[in-house]
Amino acid sequence: MEDRLRDGRGRSLTPVHTDRKSFIKAETAILPVPNAPEIRLHLADEAMALWEKTEEELGALGLPPPFWAFAWAGGQALARYILDNPDIVAGKRVFDFAAGSGLVGIAAAKAGAAKVTASEIDDYAIAAIELNGELNGIRLETTFADVTQGDIPEADVMFCGDVFYEKPMAERVVAFLDRLLKRGVPVYIGDPGRSYLPKERLVGLATYEIEVIRSLEDAEIKKTSVFKFVS
Numbered sequence: 616m617e618d619r620l621r622d623g624r625g626r627s628l629t630p631v632h633t634d635r636k637s638f639i640k641a642e643t644a645i646l647p648v649p650n651a652p653e654i655r656l657h658l659a660d661e662a663m664a665l666w667e668k669t670e671e672e673l674g675a676l677g678l679p680p681p682f683w684a685f686a687w688a689g690g691q692a693l694a695r696y697i698l699d700n701p702d703i704v705a706g707k708r709v710f711d712f713a714a715g716s717g718l719v720g721i722a723a724a725k726a727g728a729a730k731v732t733a734s735e736i737d738d739y740a741i742a743a744i745e746l747n748g749e750l751n752g753i754r755l756e757t758t759f760a761d762v763t764q765g766d767i768p769e770a771d772v773m774f775c776g777d778v779f780y781e782k783p784m785a786e787r788v789v790a791f792l793d794r795l796l797k798r799g800v801p802v803y804i805g806d807p808g809r810s811y812l813p814k815e816r817l818v819g820l821a822t823y824e825i826e827v828i829r830s831l832e833d834a835e836i837k838k839t840s841v842f843k844f845v846s
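Reminder that position 6 of the sequence shown reads as 621 in the numbering used here, one-by-one numbering, no gaps.
Some hints could be false.
Label pairs and their in silico Cβ distance ranges [stated by the list, open to error]: (1) Ala834 <-> Glu781: 33 to 39 Å; (2) Leu820 <-> Ile767: 33 to 39 Å; (3) Ala790 <-> Leu750: 19 to 25 Å; (4) Ser637 <-> Lys814: 41 to 47 Å; (5) Leu820 <-> Thr758: 25 to 31 Å; (6) Ala760 <-> Glu835: 16 to 22 Å.
Hint data in this document are derived by calculation from the structure and do not stem from the laboratory.
Treat the numbers as computed from the prediction; the structure is a model and nothing was measured.
Glycine included, every Cβ here is placed at the ideal spot set by N, Cα and C.
Work the whole structure out from these sequences, hints included.
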């Protein structure tokens, strides 16, 4: 089978020929987001078992972790900030980068965005975003691509939640965000203090105590901030 693209670790990404949405529905529960209960998502309560089941479903090892099945701290903080400050997205074209479950994009749509696009490099994430949009009465456009390469997406506002946990990805993301700033696109970041967060490039806007899954983090509550990315 011919590869479609490669992820940030150079692994090939190929189309998935299984019923992803049925799998997601079977392996998750519909729950409100702790810090944004206005939004419900298809969420899992344990990471490793779901990861193993996903690999078994495809008969393949080395798949990306199921980031799409959890409401990560950075995304929760961004969602809350957007819902409480709808003017930053109202009537605008919003881009949710590395969207995971689609939480941030859904919050933007609820807050009055004219158009929301969510990007991912995982077929399951794309399916989860579509399901979660439907669950919340929201239609999101999705793009299955590494958008850090090639042309800058057409957007008025960019959101990034929890994307600075690995050095190679963090370096690519910062370069990508710099290209957006040069075009005049404001960039908002949600992050609980990951290892490669570019702190010297950030202006703090809000901080929240976010309920998370302890098996994924080092605590049940993560202090998580929303920042504006600056030159």
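Inset, instruction - Kindly confirm whether 19 to 25 Å is satisfied by the beta carbon distance between Ala790 and Leu750. - result: Between Ala790 and Leu750, where Cβ atoms are some 34 Å apart, the hint is violated.
Legend entry - Beta-carbon spacing of Ala834 to Glu781 - inside the hinted bounds 33 to 39 Å or not: Once the Cβ atoms are compared, 20 Å apart, the range 33 to 39 Å for Glu781 and Ala834 is violated.
Inset, instruction - For Ser637 and Lys814, compare the CB-CB distance with the range 41 to 47 Å and indicate the outcome. - result: For Ser637 and Lys814 the Cβ distance comes to about 42 Å; the hint holds.
Inset, instruction - Please test the hint of 16 to 22 Å on the beta carbon pair from Ala760 and Glu835. - result: For Glu835 against Ala760, whose Cβ atoms are near 35 Å apart, the range 16 to 22 Å is violated.
Inset, instruction - State, for the Cβ atoms of Leu820 and Thr758, whether the hinted interval 25 to 31 Å holds or is violated. - result: 27 Å Cβ-Cβ, so the 25 to 31 Å window holds.
Legend entry - Outcome for the supplied range 33 to 39 Å, where the beta carbon pair is Leu820 and Ile767: violated, 23 Å
Of the numbered hints listed earlier, those contradicted by the structure are 1, 2, 3 and 6.
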